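Q: Quick note, the sequences are listed as chains A, B, C, D, E and F, same order. Number 313 marks the last residue of the first sequence (the numbering used here); no jumps. Number 313 marks the last residue of the second sequence (the numbering used here); no jumps. Number 313 marks the last residue of the third sequence (the numbering used here); no jumps. Number 313 marks the last residue of the fourth sequence (the numbering used here); no jumps. Number 313 marks the last residue of the fifth sequence (the numbering used here); no jumps. Number 313 marks the last residue of the sixth sequence (the numbering used here); no jumps.
For the record, the hints were derived by calculation from the structure and aren't laboratory data. Check each hint, because a few of them may be wrong.
[Claimed, not checked] Here are the simulated distance ranges between beta carbons: (1) Glu126/B x Ala276/C: 31 to 41 Å; (2) Lys7/A x Tyr52/E: 32 to 42 Å; (3) Gly60/C x Lys111/A: 34 to 44 Å; (4) Glu10/F x Asn123/D: 18 to 28 Å; (5) Glu126/B x Leu164/C: 25 to 35 Å; (6) Asn269/C x Ala276/D: 24 to 34 Å.
[As the list claims (entries may be wrong)] Only pairs whose alpha carbons sit at most 27 Å apart, straight line, appear in this in silico DSSO-like list of lysine-lysine: (7) Lys7/B x Lys124/B; (8) Lys124/F x Lys260/E; (9) Lys154/A x Lys154/F; (10) Lys103/E x Lys168/E; (11) Lys260/C x Lys175/D; (12) Lys111/E x Lys112/A; (13) Lys175/A x Lys260/B; (14) Lys103/E x Lys253/E; (15) Lys36/D x Lys112/D; (16) Lys146/F x Lys245/F; (17) Lys260/D x Lys172/C; (18) Lys245/B x Lys146/F; (19) Lys245/F x Lys245/B; (20) Lys111/A x Lys172/E; (21) Lys7/D x Lys260/D; (22) Lys172/A x Lys111/B; (23) Lys36/D x Lys83/D; (24) Lys111/C x Lys260/A; (25) Lys245/A x Lys260/C; (26) Lys253/F x Lys154/D; (27) Lys124/B x Lys124/C; (28) Lys83/E x Lys111/E; (29) Lys146/C x Lys124/C; (30) Lys124/E x Lys154/D; (31) Lys7/F x Lys175/F; (32) Lys111/E x Lys245/C; (33) Lys154/D x Lys260/C; (34) Lys111/C x Lys253/A; (35) Lys124/E x Lys260/C; (36) Lys111/D x Lys83/D; (37) Lys253/E x Lys146/A; (38) Lys111/B x Lys124/B.
Quick caveat, the model's predicted, so the values are computed rather than measured. All residues carry an ideal CB built from backbone N, CA and C; glycine is no exception.
Now for the letters of each chain:
Protein chains: 6
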Amino acid sequence: MQQLLKDAERIKSLEIQGATNVALSAIDFLSSYAKRLEDCCTPDEWFEKLYEAEGILIGTRPTEPALRNGLTYILKKLETTKDNLNADNILELIDSYKNEYKEMIQNSKKKIAEIGARRIPNKDEFTIMTHCHSSVVNGILLEAKRQGKDNFKVINTETQPRLQGRKTARKLLKAGIEVIHVVDSAMRWVVNHYEVDLILIGADSITSEGTVLNKIGSRLLALVAHEEHVPFYVASSLLKYNPKTSFGTLEKIEMRDPKEIWEDPPENIEILNPAFETVSRRYIDGLITEAGIFASSHVHFQFTKLYPLLAE
Amino acid sequence: MQQLLKDAERIKSLEIQGATNVALSAIDFLSSYAKRLEDCCTPDEWFEKLYEAEGILIGTRPTEPALRNGLTYILKKLETTKDNLNADNILELIDSYKNEYKEMIQNSKKKIAEIGARRIPNKDEFTIMTHCHSSVVNGILLEAKRQGKDNFKVINTETQPRLQGRKTARKLLKAGIEVIHVVDSAMRWVVNHYEVDLILIGADSITSEGTVLNKIGSRLLALVAHEEHVPFYVASSLLKYNPKTSFGTLEKIEMRDPKEIWEDPPENIEILNPAFETVSRRYIDGLITEAGIFASSHVHFQFTKLYPLLAE
Amino acid sequence: MQQLLKDAERIKSLEIQGATNVALSAIDFLSSYAKRLEDCCTPDEWFEKLYEAEGILIGTRPTEPALRNGLTYILKKLETTKDNLNADNILELIDSYKNEYKEMIQNSKKKIAEIGARRIPNKDEFTIMTHCHSSVVNGILLEAKRQGKDNFKVINTETQPRLQGRKTARKLLKAGIEVIHVVDSAMRWVVNHYEVDLILIGADSITSEGTVLNKIGSRLLALVAHEEHVPFYVASSLLKYNPKTSFGTLEKIEMRDPKEIWEDPPENIEILNPAFETVSRRYIDGLITEAGIFASSHVHFQFTKLYPLLAE
Amino acid sequence: MQQLLKDAERIKSLEIQGATNVALSAIDFLSSYAKRLEDCCTPDEWFEKLYEAEGILIGTRPTEPALRNGLTYILKKLETTKDNLNADNILELIDSYKNEYKEMIQNSKKKIAEIGARRIPNKDEFTIMTHCHSSVVNGILLEAKRQGKDNFKVINTETQPRLQGRKTARKLLKAGIEVIHVVDSAMRWVVNHYEVDLILIGADSITSEGTVLNKIGSRLLALVAHEEHVPFYVASSLLKYNPKTSFGTLEKIEMRDPKEIWEDPPENIEILNPAFETVSRRYIDGLITEAGIFASSHVHFQFTKLYPLLAE
Amino acid sequence: MQQLLKDAERIKSLEIQGATNVALSAIDFLSSYAKRLEDCCTPDEWFEKLYEAEGILIGTRPTEPALRNGLTYILKKLETTKDNLNADNILELIDSYKNEYKEMIQNSKKKIAEIGARRIPNKDEFTIMTHCHSSVVNGILLEAKRQGKDNFKVINTETQPRLQGRKTARKLLKAGIEVIHVVDSAMRWVVNHYEVDLILIGADSITSEGTVLNKIGSRLLALVAHEEHVPFYVASSLLKYNPKTSFGTLEKIEMRDPKEIWEDPPENIEILNPAFETVSRRYIDGLITEAGIFASSHVHFQFTKLYPLLAE
Amino acid sequence: MQQLLKDAERIKSLEIQGATNVALSAIDFLSSYAKRLEDCCTPDEWFEKLYEAEGILIGTRPTEPALRNGLTYILKKLETTKDNLNADNILELIDSYKNEYKEMIQNSKKKIAEIGARRIPNKDEFTIMTHCHSSVVNGILLEAKRQGKDNFKVINTETQPRLQGRKTARKLLKAGIEVIHVVDSAMRWVVNHYEVDLILIGADSITSEGTVLNKIGSRLLALVAHEEHVPFYVASSLLKYNPKTSFGTLEKIEMRDPKEIWEDPPENIEILNPAFETVSRRYIDGLITEAGIFASSHVHFQFTKLYPLLAE
């Protein structure tokens, strides 16, 4: 158990980053923990301990549905083989389920890239705007480029305080996509002065009402999109849906280290560094997922249909 | 003339900064130029040359009404003494008019501080938000503090890419005012999560329709204010009004060096760095000026009344 | 039949009040009616008469889905045992189905209280606003208090002309919840001057498009919520859904006695006293039901899934 | 001075009501005070004492510009005759200036009635909505009726907690005008269900930005007008303008006795009873004054032109 | 194949018009094509050729879901009998499936007329506005009239450049329905001056996000409805849903012949004649379909449930 | 007098068109009338008759401020020479004042063209949209072209039912300006699909609140501009201001012949053909006049300053 707490700490401290990495690492930590248990106990006792471990691991990152869904997947699958479970096969099984989950994530990204790329037409001067860095959004843009669509350019924000926008810019430029780069506060200016055809962002989490949590600034951009009537889409795997929100559980906004904003601030100043903000479904024209494109209020029903095991 | 062009270049290159400094320096350059002319010519020829010089100096910063109004003031005043003007007294006269203009600016700031401070009530938990750094806005906040108002705090943005927000924060903290500091993209989050009672920004320029030009991000903040129904005020001297806009002259948006945003950018990226953006009068609840508080569409009429000499 | 019409009149005249009471009483009246029929006839004739009675009872309150759903439940259940139905067991069966329906209502309220209470976070100064009196909304607030959440307060309106807001205030105060009370017309003032975090109302009826009918003033409050960007939720059992609306049936707005507003009015005045008004789904952030929280446009699908017998 | 304080108390305690009454009474109290001073002192000492008295009297009702303007009028007029002022003529002069002020008020109401009545066309089914009781609004409606316009009807709200709406209803009915009466919370329902052509309210005070203070519920009604695109006008004498607001002075919202709302409230409840709320100029299509109809942002300029003595 | 291409051209050239006609003709062309193939080949080869033909026929009108759904229906049904398919029965089968599809369309229209007519209440002065000509909308209005509802009138636009509004007007007048007719640009004026209770239009196509494509001017009318808070409904068979849009396929806007607008235009002018425009689900209060009334974002789920064969 | 009534009829019947023509013709008719009076009477009687004639002429076109202002100008000027007025010089004087008025109109158009043209920048791809035909708007566009600005294009609507848009298109094309032409109902589509930088329309009349009356469709276009945040300007001479509106006089909307819309309509149809609609100042970013550019609420003050004689 002590080792598990140490492992959990590695996730909590942001040593491990990226929704997929975090989910897979947590499964590994659960596996190591299972290994350490080995022949300790009856299957029922085993499950009791594994569920306890799951709670600890989920607690490290309360706003990471992919982590929660990953651990749920492993345990639900183990339950189906409960009667034949033993110290000999459990690690193997966890590993095999982990691979299944990994593949689910990868397949979902591939599917979204295909679907999303169809929304970029083959015409002159199509302009897409994005904010922060999202591997799913990048997947769509790179797939469109791969298909030979040469007519689009991307406007992106630098995304203070961690400048993830630069990462996005570099990846797109490398693929030969034209990039226009602005400071965050130029959001409205750039939408107002350029004919932006589509705004496309990723998601850190989705709730049962269709609310999306994403990088600070996302709601501001949604507001701009709404004011200027620019289509606003969110591209995300359904695995970012947290089914517990359907039963009232609140998604929390993580407050990060003020030093990210001002390393050597004057005394007495209070610096607020929220990581995310919420975007109401009112501002979202569509959610692009592995199950297709639809209004974000349908996320619960699509999730339940595609991943019944995870939907309780 | 060559010297004047050199001097003009110093203004253009941003070596000289701040609306008041720029105006006063330009007057000095005009004065030096006049000195160099000395007994060259008849009064009429003199004026011809001085008007030419004025045109050059104004051209260095097309969005600086205080500069334009300063030079206009000097020349209009000289016109009133045209008949007695000579090489002996012209420099003295320019200097004296320059001091008058300087005093006009200082008086306007003092008046605005007094008027504006009255809008900060003596009650608990009054929260003011600002963006960028404006000496006029700071004047109001410091005056309120000086009067013993202890109940208010200020939220300010860091204001990328030049971080003028830090300058604002430092000055307010030094005066003992409570400061909350956020990244620019957290604008809406902070207005939504804190009970902001007043948003207060400065102005770089004002047009005859009541449109305000101010730091990039100002229009974005105005949009947030509008959405959240937070009173949005602009504090500015009437000397920031450009009377030429009444006759159709367009205010230009200065595009600054991309290096301010990304010093060592990847190849082929296009970085846009607009200095200002426009805020329509629709979003402005009131303009706080040396002539009182009023809807910004009245700026032309108030300017004409207070500074008839500058109004053509 | 005459007795049934008399019974129906008791519901119509508002002698019997509250959605649950009305539904259960109507079932009792149906039962008495069935008793009076006794061995009159064949099962088919029986059902014919019972359906006729159902129509009469539903007609007393066209805007009471819980009443309609209750009677539908009884008759649908009776249909399932049609072959074994006889004068000996029918009353017993109706009684037993009535208890089932009653339990369905109670369970739904309990579930909603649990789910809804999770939406009230454990932090300082959380403020909830409500309008009129709703047992479901009160259930949520009391459950949160019962769980030891002490940080929230409730703003409520007096709700003219019947002052149901006082009933709400009294119940909450009794449970030790802090209450702020205002006149109805102060709705916007109070949302503007206090940091309201959540607006929560009940429902009298819901339609297939996700429109909610509730106490007059609800749409006005929704408008305020929309303008001020305060989350606006409706808490209601799915049994308040009228599945007939899916097929075009219109919900009617009941006009009540003008005397409720002005007992001794001057001659010739026309006093309008609408009981309800409609709130479009556009203004509703989420519907809190026994099946979870979701956008109100999904009500038909959730209802069909949870209560298949009542759907169609 | 003690008597003056007693007199002031009568205004403060609402024993004296109505903007005009309050203004005229305050002038009387100033007169009595002047009488008691009689030959005490030099003219300069006199003025000093009178200004002190003015301050006390204005302080009784900080949101009553008509009171402030009335006292200012008397004192400004006295100043013009300062040199000839003596114990013999001062009371007479005050009385004569009071009559002038009274006449100014009456003329302004008559003028507004004429101008406003022209806005009610002679066509079928013109519907006007109002809130609370305003003698100026009533003046317009009665004038239109007097001119033989028979086609219009008036919708009015009861205006809790003091039911001033009933007073309005009674006066209009007495003149033979058709009246529809609703509870305050039915505002939006009634605008949505009836074709309202014009919303017309009075004003308690106007500020230099064109903001109107009026009965609680006025801003709510303005919001409804805005949402439903119904023209929203304010009818008011310019004497309700407070010129001090131009220099930053804030208008205060009076909080009245909770007993007006709930005579015998439960313990621990907090009842808020704001008398007024502010209506931003954004929501006001036009201000109908004795100087004509115009956008409310022009109030300062019209006031200054019509009543130069009162402006500064 | 050459004949098929000729047939396809007849659809493309608009020689064949009306969604139902186009769908049924395309099925006939597929049938003729199948006939010409006759005993050419194995069943597998047959299907290959038929799918190729389907692709060509769909390509003639990319924005005609009823056409696509019709051909899909035939082929999916043929697949179910693949094993017994032969040159003797294939034409018979296609014909029989065509009749099934035709009946599906007719039933859907009849069902919509019944459901929609219930939304027109039996009260005085109910006013419905429509745009262009839609057989589904007309079906609802005529059904309501047939039921004896005499209280409603219809406002319709002439719908330039093809004046389909006149066709609508003639049909309604013939049935004795009162019609008010205006130019397209009077849309807002008429909604503002008449109490319009319902706006009702048809659809050419619906996407998975609930966006509707309909005659140019529809989005403009939706904007007016939104501004004036008039309920805005779309009546359409679910067979107008294009399930491919769920996977990113974009609906295209057809640009028609400029001569429709100006037969003999001056040189160098560019005339744009878009046939349709998109209406976002935000503006649509409800979709009236053969499966009931619901928010348009549910179209994919209702389609899948009612027409599983067409949903892939 | 009979001849005057005949003349008046020629204006009423639209035989005479265009604001300037109508004004000048009315002056001519007044002159002829004066001629017919000749030595009938004393100056006072003369004026009585002339004022009567003025009333008749103004009555022919209640929504033509230029007509009203023209006749007012003549009579006010005659009043100034009343003492020397006689049968010998009156016709001469009227003629000379008519020329002055004509010149005032021409000067105002020239000034507006200069001011307005400055608002069209010298950059690539500047797009202006207009509606109907306005000589003032055309004046601006042609002046810009004359100055060598080649970068702009104009989108215009055909403007049913009289197709004035074609007149606009022809004039601009003739000057070599690029024109895009659409049907009226494509307004929003075209603003949404093209980057429109400026919307510019004329005015038939302006009221004291800053409301503009212009061709039907103007308010619809203003709504589109508002939704899409496109700057919306009105170019008009101040002589289109009707100073009577300041005192409550309502501007009337002229209803024109239904035959303009449908020459041979079916029986029983009601065709509405409003000539104008009103555009609230809320939608107007600026009024471009001979006195400069300003918010339209200032029209009364600018008119009074520039044309004191006409302002009563």
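Q: It remains to establish, for every hint, whether it holds in the given structure.
A: Now the hints, each set against the structure:
In this structure the hint that Glu126/B and Ala276/C lie 31 to 41 Å apart at CB holds, the actual value being about 40 Å. For Lys7/A and Tyr52/E, the hinted distance range of 32 to 42 Å is not satisfied, since their beta carbons lie about 59 Å from each other. Taken as a hint, the range 34 to 44 Å is violated for the pair Gly60/C and Lys111/A, whose Cβ atoms sit roughly 57 Å apart. At about 24 Å, the CB distance of Glu10/F to Asn123/D agrees with the hint of 18 to 28 Å.
The hinted window of 25 to 35 Å between Glu126/B and Leu164/C holds, with their beta carbons roughly 32 Å apart. A C-beta distance of roughly 31 Å is found between Asn269/C and Ala276/D, which places it inside the suggested range of 24 to 34 Å. Taken as a hint, the Lys7/B and Lys124/B pair is broken in the structure, with Cα atoms around 53 Å apart against an allowance of 27 Å. For the suggested pair Lys124/F and Lys260/E, the alpha carbons sit about 32 Å apart, so the restraint of at most 27 Å is broken.
Between Lys154/A and Lys154/F, the direct Cα distance comes to roughly 25 Å. Compliance with the 27 Å bound is thereby established for this hinted pair. Under the criterion of a C-alpha separation no larger than 27 Å, the hint pairing Lys103/E with Lys168/E is consistent with the structure, at around 24 Å. At roughly 21 Å between alpha-carbon atoms, Lys260/C and Lys175/D fall within 27 Å of each other, so this suggested pair holds. Restraint check for Lys111/E and Lys112/A: not satisfied, since their Cα atoms lie roughly 39 Å apart, outside the 27 Å limit.
Only pairs whose Cα atoms come within 27 Å are accepted, and Lys175/A paired with Lys260/B is accepted, the gap being roughly 21 Å. Only pairs whose Cα atoms come within 27 Å are accepted, and Lys103/E paired with Lys253/E is accepted, the gap being roughly 26 Å. The hinted pair formed by Lys36/D and Lys112/D fails the criterion: a straight-line CA distance of about 35 Å is larger than 27 Å. Under the criterion of a C-alpha separation no larger than 27 Å, the hint pairing Lys146/F with Lys245/F is inconsistent with the structure, at around 37 Å.
Restraint check: the Cα-Cα separation between Lys260/D and Lys172/C comes to about 20 Å, which is no more than 27 Å; the hinted pair holds. Among the hinted pairs, Lys245/B with Lys146/F is consistent with the structure: their alpha-carbon atoms are about 22 Å apart, no more than 27 Å. A C-alpha spacing of about 31 Å is found between Lys245/F and Lys245/B, which places the hinted pair above 27 Å, so the restraint is violated. For the hint linking Lys111/A to Lys172/E, the alpha-carbon distance of about 52 Å lies beyond 27 Å, and the restraint is violated.
For the suggested pair Lys7/D and Lys260/D, the alpha carbons sit about 25 Å apart, so the restraint of at most 27 Å is met. Of the supplied pair hints, the one linking Lys172/A and Lys111/B is violated, its CA atoms being roughly 52 Å apart against a limit of 27 Å. With a C-alpha separation of about 16 Å, the suggested pair Lys36/D and Lys83/D falls inside the 27 Å cut-off, and the hint holds. Between Lys111/C and Lys260/A, the direct Cα distance comes to roughly 46 Å. Violation of the 27 Å bound is thereby established for this hinted pair.
With a C-alpha separation of about 48 Å, the suggested pair Lys245/A and Lys260/C falls outside the 27 Å cut-off, and the hint is violated. For the hint linking Lys253/F to Lys154/D, the alpha-carbon distance of about 21 Å falls within 27 Å, and the restraint holds. In summary, the hint linking Lys124/B to Lys124/C is supported, as the alpha carbons are separated by about 24 Å, within the 27 Å threshold. Restraint check for Lys83/E and Lys111/E: the C-alpha separation of about 33 Å exceeds 27 Å, so the hint is violated.
About 13 Å separates the Cα atoms of Lys146/C and Lys124/C, which keeps this hinted pair within 27 Å; it holds. For a cut-off of 27 Å, the pair hint linking Lys124/E to Lys154/D stands: about 22 Å separates their Cα positions. Taken as a hint, the Lys7/F and Lys175/F pair is broken in the structure, with Cα atoms around 38 Å apart against an allowance of 27 Å. Restraint check for Lys111/E and Lys245/C: satisfied, since their Cα atoms lie roughly 18 Å apart, inside the 27 Å limit.
Taking the CA atoms of Lys154/D and Lys260/C, the gap is near 21 Å; set against the 27 Å cutoff, the hint holds. At most 27 Å may separate the alpha-carbon atoms for a hinted pair to count; Lys111/C and Lys253/A meet this at roughly 25 Å. Among the hinted pairs, Lys124/E with Lys260/C is consistent with the structure: their alpha-carbon atoms are about 25 Å apart, no more than 27 Å. The straight-line distance between the Cα atoms of Lys111/D and Lys83/D is roughly 33 Å, outside the 27 Å bound, and the hint therefore fails.
Proposed proximity of Lys253/E and Lys146/A is supported: the alpha carbons are some 21 Å apart, at most 27 Å. For the hint pairing Lys111/B with Lys124/B, the CA-to-CA distance comes to about 24 Å; that is within 27 Å, so the pair holds.
In terms of the numbered hints stated before, the structure departs from hints 2, 3, 7, 8, 12, 15, 16, 19, 20, 22, 24, 25, 28, 31 and 36, listed from lowest to highest.
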